[in-house]
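Enquirer: Sequence:
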Amino acid sequence: MMATVIPMAQAEDSEDGFWHTVTEPASGLWSVGAVARDSAFRDVDVEVNPALLVFGGYGDFFIEANRIGYGVYRDGTNFASVIGNLRTHTSLSDDQIDDSDVLSAYDLDQRDSALEIGFQVGRRLGAGWVGRAAVLQDISGAHQSQEAELLFYRRDDVAGFRILTTVGAQYQTEDFNDYYFGIDRDEIRNSATQDVYDAGAGFSAELEVIATYDFHWGGQADNKWGAYVGLRHFQYDDEVSDSPLVGNGLVQQYFVGLGKYF
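Using the working numbering, you'd call the opening residue of the sequence shown number 1467 and step up by one each time.
Quick caveat, the hints were computed from the structure, so don't treat them as lab data. Treat the hints loosely; a few may be bogus.
[As the list claims (entries may be wrong)] Have a look at the derived ranges for each label pair, beta carbon to beta carbon:
no., residue 1, residue 2, range
1, A1687, T1632, 28 to 36 Å
2, S1570, V1548, 37 to 45 Å
3, D1482, G1684, 15 to 23 Å
4, Q1686, W1595, 30 to 38 Å
5, V1514, D1482, 34 to 42 Å
6, L1697, Y1637, 40 to 48 Å
7, R1620, V1695, 15 to 23 Å
8, T1632, Q1576, 22 to 30 Å
9, T1487, G1550, 21 to 29 Å
10, T1659, A1625, 47 to 55 Å
11, W1595, F1484, 36 to 44 Å
12, Y1637, D1661, 23 to 31 Å
13, S1707, S1570, 15 to 23 Å
Remember, it's a predicted structure, so these values are computed and weren't measured experimentally. Even glycine gets a Cβ: it sits at the ideal position worked out from N, Cα and C.
Please build the complete structure, drawing on both the sequences and the hints.
Expert: Following this line, the structure appears as structure tokens:
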């Protein structure tokens, strides 16, 4: 039997070639981090999870954390894209229900995360601001409805940090709000103290701030990294906050991460 010996240099070249092939289409900041979420639902503990967060793109697709898109038009001022969005911040698991004294008093079904697709258009407005509007439709069978959003964002350099600030408003349909925050008759366990709650259509306000510090690892110009911290808050109106399942209608998310630029 003859053994085949692969020279070490050849093996390393093969690994380098594979890594280059995989990463060559990547752009922007690819990072690992952690996300802490303080739910809008009552008596639910803060949830902390690891996350792969990308603020860039891969090939012809752009990626913005929980959103991926494909540009169909851009002229330097206006742009349009087909987008996909993973909505997780209004989800509620069976474990969270069981661990909550308030929620476990009902016979609630879990509220699933939703995969949405849609279309967005945007325009550079001047003075550093960009406006963006989108309409999204659930395709995962979760809320089975729509939401729309209007956002304004800008980027600034402050004391060595890049600051991304986003403010906006979202519109949720009646079916959307009722799925996540309503109470059906078959979810009532004690009719003497619990009532059906039908949530109507409503609005939410959004604020997001991300501070990123860029640096060159080991002083190498082609080895650029970024560390960041950020927050993302959603404040829902009284169609949501009036639900017996909800506290003040505020969802708070905080995140931190470290990644490499491609």
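Enquirer: Within 40 to 48 Å: is that where the Cβ-Cβ distance between L1697 and Y1637 falls?
Expert: 22 Å, violated
Enquirer: Honestly, do D1482 and G1684 meet the 15 to 23 Å range at C-beta?
Expert: 18 Å, holds
Enquirer: Kindly confirm whether 21 to 29 Å is satisfied by the beta carbon distance between T1487 and G1550.
Expert: 25 Å, holds
Enquirer: Check the following: the C-beta atoms of V1514 and D1482 are separated by a distance inside 34 to 42 Å.
Expert: Check passed, 36 Å falls within 34 to 42 Å.
Enquirer: Lying within 37 to 45 Å: is that true of the beta-carbon distance S1570 to V1548?
Expert: 41 Å, holds
Enquirer: R1620 and V1695, beta-carbon distance inside 15 to 23 Å?
Expert: 18 Å, holds
Enquirer: Cβ-Cβ distance between S1707 and S1570: within 15 to 23 Å?
Expert: 21 Å, holds
Enquirer: Measuring from beta carbon to beta carbon, are T1659 and A1625 in 47 to 55 Å?
Expert: 54 Å, holds
Enquirer: Can you tell me whether the CB distance of T1632 to Q1576 sits inside 22 to 30 Å?
Expert: Cβ of T1632 to Cβ of Q1576: about 29 Å, so the range 22 to 30 Å holds.
Enquirer: Please check whether Y1637 and D1661 have a Cβ separation lying inside 23 to 31 Å.
Expert: Holds - the Cβ-Cβ distance for Y1637 and D1661, about 26 Å, lies within 23 to 31 Å.
Enquirer: Do the beta carbons of W1595 and F1484 sit within 36 to 44 Å of each other?
Expert: About 42 Å separates the Cβ atoms of W1595 and F1484, which means 36 to 44 Å holds.
Enquirer: With respect to the beta-carbon atoms only, verify the hint that Q1686 and W1595 lie 30 to 38 Å apart.
Expert: 35 Å, holds
Figure legend: structure checked against the earlier numbered hints; the only hint not met is number 6.
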